[in-house]
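> Make the full structure from the sequences, and use the hints.
Number of protein chains: 2
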Amino acid sequence: MRTAYYISDGTAITSEVFGHALLSLFPIEFNHKTIPFVETEERALEVLEEISESFQDTGERPLVFYTIVNLEIRDIIAKSAGINYNFLNQFVAPLEKILGVPSKPEKHRTHSIHETTYDIRIEAVNYALANDDGSNLKDYHEADVILTGVSRSGKTPTSLYLALQYGIKAANYPFTEEDMGDMLKLPTALRRFKQKLFGLTIQPERLHQIRSERRANSRYASIQQCRMELREVENLYRRERIPFLNSTHFSIEEISAKILAETGLQRRKY
Amino acid sequence: MRTAYYISDGTAITSEVFGHALLSLFPIEFNHKTIPFVETEERALEVLEEISESFQDTGERPLVFYTIVNLEIRDIIAKSAGINYNFLNQFVAPLEKILGVPSKPEKHRTHSIHETTYDIRIEAVNYALANDDGSNLKDYHEADVILTGVSRSGKTPTSLYLALQYGIKAANYPFTEEDMGDMLKLPTALRRFKQKLFGLTIQPERLHQIRSERRANSRYASIQQCRMELREVENLYRRERIPFLNSTHFSIEEISAKILAETGLQRRKY
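These protein sequence lines are chains A and B, in that order.
With the numbering used here as the guide, the letters of the first sequence map in order to residues 1 to 270.
With the numbering used here as the guide, the letters of the second sequence map in order to residues 1 to 270.
Please note: incorrect hints may appear among the correct ones.
Note that identical chains are pooled: a pair holds if it fits in a single copy or bridges any two copies.
To be verified - Under the rule of at most 27 Å between Cα atoms (straight-line distance), these lysine-lysine pairs were calculated in the DSSO-like manner: (1) K196 with K258; (2) K196 with K33; (3) K258 with K185; (4) K97 with K33.
For the record, the hints were derived by calculation from the structure and aren't laboratory data.
Written out as structure tokens, the structure reads:
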């Protein structure tokens with residue numbers, strides 16, 4: 001299998017995202033290898049050695065995606081035995097013309113710390129944790145969004161992702177069986193904040209599967225129970241005109257991006 | 001201010017990461033605008049309109065970074081009034097030659113759901129929450145890594161990021177004042193799992209600042225207390241040869257990437 005390297009003197013997140021997106025266009029498997037924080041010439045030479053060995057072992061030239069600010073280190077990696085993609089570079093000169101200013105690369109600018117956004121994200125994570133699973137009904141005025149749904153429909157991971165990636169404060173409230181008498185009504189704690197609500201739902205079969213992993217053969221996990229709860233919440237969403245999303249076929253990234261797109265929520269971090 | 005658009009028929013995460021990395025090379029501010037899930041020609045035409053308006057309003061041609069799998073939609077966006085970067089595209093033909101196979105773009109392949117990795121990440125998030133803040137000492141055998149440090153040194157956000165981005169199960173254990181008598185010793189619960197430990201530390205001044213936001217003027221937040229606790233944990237890390245990192249100047253992304261690089265932990269998700 002051919003190796004794809006993602007190399008940087010920073011986190012290498014940019015190289016990973018770019019390389020993965022490009023390679024995902026091909027119906028081939030790769031051996032992915034990330035090497036972050038290549039910050040010395042010594043380390044860069046070790047990396048060259050590793051790339052050479054991969055070439056010798058597999059007989060296929062590795063693909064090397066890199067973004068490196070330090071010029072000496074960049075020059076070393078550029079000599080690797082792989083096929084080298086200094087993929088940001090070719091956009092720089094034309095963009096300098098368009099913008100009318102020279103580029104000014106600084107190390108770690110993309111995924112490094114920015115005092116203000118850092119605090120915002122940590123605060124958002126703390127908020128999500130303190131307001132997870134309906135554990136705290138009195139801080140909803142602070143929420144940017146309140147995710148609702150039945151147990152195991154994806155609320156908690158989504159609220160944490162919104163916090164970490166976007167600095168968005170997402171509370172989450174689980175509809176439980178107690179909420180469902182004859183008909184699920186919007187709980188009083190949520191009614192005041194109705195315009196902040198965003199509903200998640202999921203296919204009954206998938207929910208049954210997820211709950212069975214947690215409590216096999218329980219009533220909680222039974223397909224009948226899953227169907228009943230989901231029917232109730234979906235009816236509620238429609239009746240109360242709460243925007244909602246079926247999460248079954250979407251990743252956390254997709255669910256989060258869709259919530260942002262649908263609600264018009266402004267992220268606090270780019 | 002010039003607008004930078006990130007457009008996709010998927011999440012637009014790839015466009016964002018690429019565009020941000022490129023623009024971060026320039027000492028200029030941009031108005032960033034992400035438009036995900038452009039999945040119909042109608043929507044694409046609306047986006048064109050928005051780009052035109054931004055051009056007219058600002059007098060500066062917007063930069064438009066896009067990855068779009070659907071050809072009809074791609075052709076529409078390619079005609080925008082902005083400066084259009086179909087930035088993956090120019091790498092495709094040369095890579096087809098190298099790999100010897102034609103590309104086969106599929107919608108949402110990069111940031112969409114993959115049954116196996118999805119479950120792994122959700123499980124890792126649940127693990128991190130169940131093993132947050134020393135709340136559960138009996139599941140450490142399942143941990144990929146156990147983060148240690150004093151209160152507010154960044155353990156929880158890091159453990160959640162490791163779970164969401166990499167599917168890594170990270171427990172975290174806080175050293176509290178009770179652990180520190182004459183000298184901080186490695187708690188019994190951790191000794192068995194010593195090879196899984198990774199320590200976080202932070203500058204006393206920064207810790208004082210963070211704790212003061214939480215409990216102003218408390219002993220907990222005092223600079224003396226912060227200094228004492230950090231001295232104790234750093235001594236412990238050195239004495240017990242626990243790898244550790246000073247998180248003061250690093251983002252969550254950087255801390256996580258450094259932990260992976262230093263421990264050799266294998267991520268479960270790419």
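> Go through the numbered hints given earlier and state which of them the structure violates, listing their numbers in rising order.
Checked against the structure, no hint fails, so every one of them is satisfied.
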